[in-house]
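Line order of the protein sequences matches chains Y and G. Under the working numbering, think of the first position of the first sequence as 1, with each following residue one higher. Under the working numbering, think of the first position of the second sequence as 1, with each following residue one higher.
No wet-lab data here; the hints were simulated from the structure. Cβ coordinates follow ideal geometry from the N, Cα and C atoms, glycine included. Incorrect hints may appear among the rest.
Selected chain Y positions facing chain G (in silico; Cβ < 7 Å) [said to hold, decoys possible]:
1) S134
2) V138
3) T170
4) I238
5) L241
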Amino acid sequence: MTPARPTTNVTDMDPDSRTEPNAETSAGPPRGPIVAREDADTAAAAAPENGAARAAPRGVAVELEQLRAFYGDSEQLRGVDLAFRANEVTAIIGPSGCGKSTMIRCINRMHEEIPGARAEGRVLLDGQDVYAPSVDVVAVRRAIGMVFQKPNPFPTMSIYDNVAAGLRLTGRRGGDLRAKVESALRSAGLWDEVSSRLDEPGAGLSGGQQQRLCIARSLAVDPEVILMDEPCSALDPIATLKIEELIAELKTRVTIVIVTHNMQQAARVADRTAFMLDGQLVEVGPTQEIFTKPGDSRTEEYVTGKFG
Amino acid sequence: MSAPAIDGEVLARFNVSPRRRRRDAIARRTIMLATLIALVPLVLIIYYLLSKGLGAWSSDFFTTDPTGNTFFKNSNIGGIKSAIFGTIEMVALASVIAIPIGVGVAIWLVEYGKDSWFAQTVRFFIDVLTGVPSIVFGLFVFIVLVVGTGSSFAGWKGSIALSLLMLPVITRSAEVILLLVPDGLRESALALGAPRWRVIFSVVLPTALPGMITGMLLAVARAAGETAPLLFTAAATKATSFNLGGFMNSLPVQIYNDVTSPTTAVVNRAWGAALTLVSLILLLNLVARLIARRSRLT
């Protein structure tokens, strides 16, 4: 793992211009730079915790510049330039194996967790390159939440502990843990269903509830971006609908990137849609446009079901 | 839908042929017989252990040390208290040494070493160690810690020999269990922004714990039954000792010494000690099974 380095030349990533209109969010801690973990911890410890600061829009833009990803010698992502706008939902569509998942796994540097996998290029998170040598991967991942295809609550933990795990695992104790857990569960639309049984194992919930539990878990650490890798592919239509409603609510405060195989889902939830093919971005644009008058014939063939 | 078939037609098409039926019967009986043959020695061992061992059991048997007075027929030969305590103490120390190291190696192999050449080499040598006869561990400790230091036998030296024996068993079983922990759990914890060590301690190990405890207890059970590593490391003694720096008795060595005696009572004590040892190991296995049942990994 990259050793944490002392911070020296850190650009302040907390834009003064960003307002926090909600009254209950008073005096939130400034967003720490994504450089050294120690700094993030110290900053969090020094500043008063604000568990209720969730409603403030704090999504940031993510830009990919010539992003290339490899598994061993095989190049899976062949130079992608793509920008995700702050507080928008961007859907990534494309046939299996086109590099959708690989691409979003590069954004929070999870791609490199696979043995033999590496990435090249730049991923700018609010202007700062997460692949810069001085960057601490752990700090990057704290700023970017991720929801996986298969709901995967921690099996040894209760519902409460699963949500609290995000805070405990990142060493951010202190503050009102219970309030934060409740706030995250409410945001994930799960509170009313589980508030009476927070001590029961998270694995005992239904698939859709488990997935919302996983969303709550990632919301608890207050990310700026949430990456969703086919979050509904293991869920039934009703559970899917709930997740989609949730996505619409969450985008007011985080930037969401969702990989989906389901084009109706992309049409329902996404502000913008990107179509990928064979490790490359074919086109990106407003969802409506991609589905009704795409600029590229390959996009048209895909969205009209001619292949994929 | 096709029209319902006439009974005769269905039978003709789908009946089992007499030849296949015969072969099936023969095959079933053959494997059943093999199972029964394998059960014979097991049943006999349990029968002899119970019939000879239970006779030796008494309250004095567990609460007195062997006296060493075995010459006269009526002399009080004493019980096996020192052997029980010796075994428990030495195995406990061996576990304290082998479990952290073994689990540590397994964590390194699964979480860090993965398929690197060094990890592969480590795995190879662990497999080699698993196959090393237990007397070789005893010999090694004898040469290095007894002869090598010019000192005498001691309980802790026996524990070292036992821990060497346990180490590969614990490592391999822990590795298998750690590999069963779904990668999705590691990924979701890492994606939350947890440092790797915290992912291991807070997510991977708790998930793997029941399975790992099972492997540990099986290693403990195996070590408890070993004679060879203790014969010339801890030796044997009569009195119950809580000093791991001195000679120490143990159940397997007690059995080994007793069974060669010409005195019937002493041989019977060996049977009693053997039954005690088997009961202890059975108990450990039962506990291991109970814990394994609680495992969330399948």
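Exercise. In ascending order, which of the hints set out earlier in this document are inconsistent with the structure?
Worked result: 1, 4, 5
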